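J.: Could you build the full structure based on these sequences and the hints that come with them?
There are 2 protein chains.
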Amino acid sequence: MTGAERMLAACRREPVDRTPVWFMRQAGGSLPGYLALRERRSVEQIATTPELCAEVSLMPIEAYGVDGAVMFADIMLPLTAMGVDLELTTAGPIIAAPIRSAADVERLRPIEAETDLRFLLDAIGIVRRELGDRAAVIGIVGGPFTLASYLIEGGPSRDKLVAKAFMYREPTAFAALIRRLTDALIGYIAAQVRAGARVVQVFDSWAGTLGPAAYSTLVAPATAELFAAASASSVPSIHFVAGSAGILDEVAAAGGDVISIDAGQSLARAWERLGPQRGIQGNLDPARLLAGWPAIEDGARAVLDEAAGRPGHIFNLGHAIPRGTDPGILRDLAAFVHAAPSLRIPHEDRP
Amino acid sequence: MTGAERMLAACRREPVDRTPVWFMRQAGGSLPGYLALRERRSVEQIATTPELCAEVSLMPIEAYGVDGAVMFADIMLPLTAMGVDLELTTAGPIIAAPIRSAADVERLRPIEAETDLRFLLDAIGIVRRELGDRAAVIGIVGGPFTLASYLIEGGPSRDKLVAKAFMYREPTAFAALIRRLTDALIGYIAAQVRAGARVVQVFDSWAGTLGPAAYSTLVAPATAELFAAASASSVPSIHFVAGSAGILDEVAAAGGDVISIDAGQSLARAWERLGPQRGIQGNLDPARLLAGWPAIEDGARAVLDEAAGRPGHIFNLGHAIPRGTDPGILRDLAAFVHAAPSLRIPHEDRP
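Line by line, the protein sequences are chains R and Y.
The working numbering numbers the first residue of the first sequence as 7 and each following residue consecutively.
The working numbering numbers the first residue of the second sequence as 7 and each following residue consecutively.
If you are wondering where the hints come from, they were derived from the structure by calculation, not from laboratory data.
Keep in mind that this is a model prediction, so the values were computed, not measured.
Just so you know, not all the hints are guaranteed correct.
[Stated by the list, open to error] Covered, in the sense of this in silico footprint (three residues per stretch, anywhere, with C-beta under 8 angstroms from a C-beta of chain R), are these stretches of chain Y: (1) 56–70; (2) 170–178; (3) 244–253.
All C-beta atoms in this analysis are idealised placements derived from N, C-alpha and C, irrespective of residue type, glycine included.
T.: Here it is, written out as structure tokens:
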């Protein structure tokens with residue numbers, strides 16, 4: 007099977023010749039080609055120049071041998087088009103004027119993805135043409151809660167207290183914010199698929215800070231619209247929420263052919279809870295990438311053991327590649343996952 | 007019932023006249039008496055002067071009407087006694103020389119809680135005498151993983167990547183670190199109980215960043231020794247781990263008469279998972295404290311509804327009181343919880 011076939015088959019929970027693998031935030035990072043490019047260009051220049059964005063998005067396919075090509079695109083990109091003044095920093099996005107009122111919400115403009123985010127769509131087109139079937143182009147969008155929480159917090163925040171306080175205090179304004187974001191994201195998903203994306207991943211990274219009641223009433227209906235947009239575009243979808251163990255049922259109910267989980271929960275248990283009608287992506291602890299090969303191999307073996315060869319497993323990290331990760335070790339990890347069919351024999355049949 | 011009777015009965019899952027309530031990090035914060043004291047004294051001066059520490063620990067009993075008196079004591083205090091050079095900042099503890107090798111672990115000294123932490127034990131004695139049975143004195147210790155992760159990270163960290171990488175890369179040194187911390191904490195728990203603590207809460211706040219396999223092999227056995235120490239001292243214990251939904255079974259297996267959960271999971275579901283032989287503490291989203299009274303009342307009502315009058319519920323926040331919380335609103339919240347017996351009638355019997 008080609009990489010794209012492997013990824014798409016796993017999304018449909020069909021048999022695969024090897025477990026498909028890709029890594030969240032694989033485009034960029036410490037790849038030598040990217041570092042060389044960064045000496046001449048800023049992150050913004052690369053992200054908004056289709057040829058450069060495509061070049062960086064393609065690098066991990068050669069460098070790591072992964073089956074998915076996620077775009078070098080920040081989830082905050084559509085917000086810039088909506089009129090938000092933001093800066094991308096290593097600590098996360100900084101918003102010049104955070105949203106703190108219904109009036110602030112009203113100032114967010116609708117977007118036309120085909121024109122406002124043309125640079126990314128053109129980059130997707132290049133990547134798709136260059137790749138053919140070697141790997142599946144993965145389009146990404148931020149989830150509504152995650153984008154809303156960045157807009158309200160304005161800067162880095164562990165507990166999202168300001169965002170959640172706004173949500174509880176001004177539910178109408180919060181709902182209006184979620185509405186505007188969702189409208190923008192629906193068009194953005196459809197445009198990415200028309201441009202050539204073959205899978206869409208929704209990163210609602212911070213929704214795990216909500217309990218099931220708040221998540222399912224205030225966030226899940228909007229998220230469900232994003233997955234409906236992916237389905238309407240006839241591409242499979244992946245739903246990522248960090249720290250989702252407390253709301254896993256609600257996350258799955260909101261949508262996603264594949265549910266992407268982090269290392270804070272057991273992959274096997276999550277799958278038992280979700281049932282065989284969902285795929286699972288994950289869930290190697292990214293901290294292992296900083297701990298040397300034996301720790302990586304142990305962790306990867308444990309993940310593959312938990313997946314137990316079930317159709318629908320996409321190997322990935324529980325969260326993004328940490329800064330400072332040695333690219334060589336990611337290549338070794340992808341090769342290990344691809345070389346590990348024997349691990350997909352159920353426990354009881356092993357010698 | 008008195009406050010202490012209420013707290014202790016709930017810890018034993020016996021009937022109570024009202025749901026007991028206290029708030030994590032209630033000592034200090036924005037209480038006017040504390041702010042006045044802080045104009046003259048540093049946090050370190052207050053924490054290490056028994057009369058002042060006792061005064062601050064007692065303040066919330068009058069101010070909020072809570073049933074538990076948690077000590078004004080940072081979980082990092084025993085580490086100073088172990089020879090760690092650390093500074094307590096609003097962003098968390100900063101360690102001058104983080105632990106990065108087995109040799110660094112070897113430099114941690116054993117402590118004699120009775121002498122090294124005499125100031126806190128004396129403060130506990132004062133609080134116990136002053137309170138009588140009005141409220142239960144709650145002694146606190148940090149959990150082994152949380153203290154280890156602070157020592158290794160050296161400063162604020164969301165994902166604990168450095169700590170977890172050390173744990174995976176150097177399991178022997180990590181185990182030695184956990185061993186030294188556990189030995190110190192066992193003596194510290196026993197000393198706090200001898201001094202007058204009637205309940206002990208273990209704050210293993212960051213253990214929720216681990217999956218079940220790593221938690222149960224590398225952390226839980228040490229945590230279990232802490233709960234054994236509390237049992238040996240004949241006091242009930244509370245086990246707090248933030249973001250614990252993915253490892254709830256393992257957290258409960260490690261110990262604690264009462265399991266304290268945050269707002270990222272459903273209290274009712276957690277209780278169904280743990281069974282009636284455990285109490286549950288929690289789990290109002292602290293963000294609601296910044297969102298005004300209607301949001302607080304809605305959230306508190308939902309928490310009490312989920313607890314449904316089961317014996318063993320202690321009302322608390324899902325995490326610490328946020329900075330900037332209005333003390334008046336905490337008094338109103340404690341009164342609301344105490345006045346809410348009708349909420350403990352099961353749903354089907356309500357008009």
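J.: Now tell me if each hint is right for this structure.
T.: Hints versus structure:
Counting residues of the stretch 56–70 of chain Y whose beta carbon lies closer than 8 angstroms to any beta carbon of chain R gives 0, which falls below the threshold of three, so the coverage claim is violated. Look at the stretch 170–178 of chain Y against chain R: 6 of its residues bring a Cβ nearer than 8 angstroms to a Cβ of that chain, three or more, so the hint holds. Here the stretch 244–253 of chain Y counts 4 residues with a CB under 8 angstroms from a CB of chain R, which clears the bar of 3, and the coverage holds.
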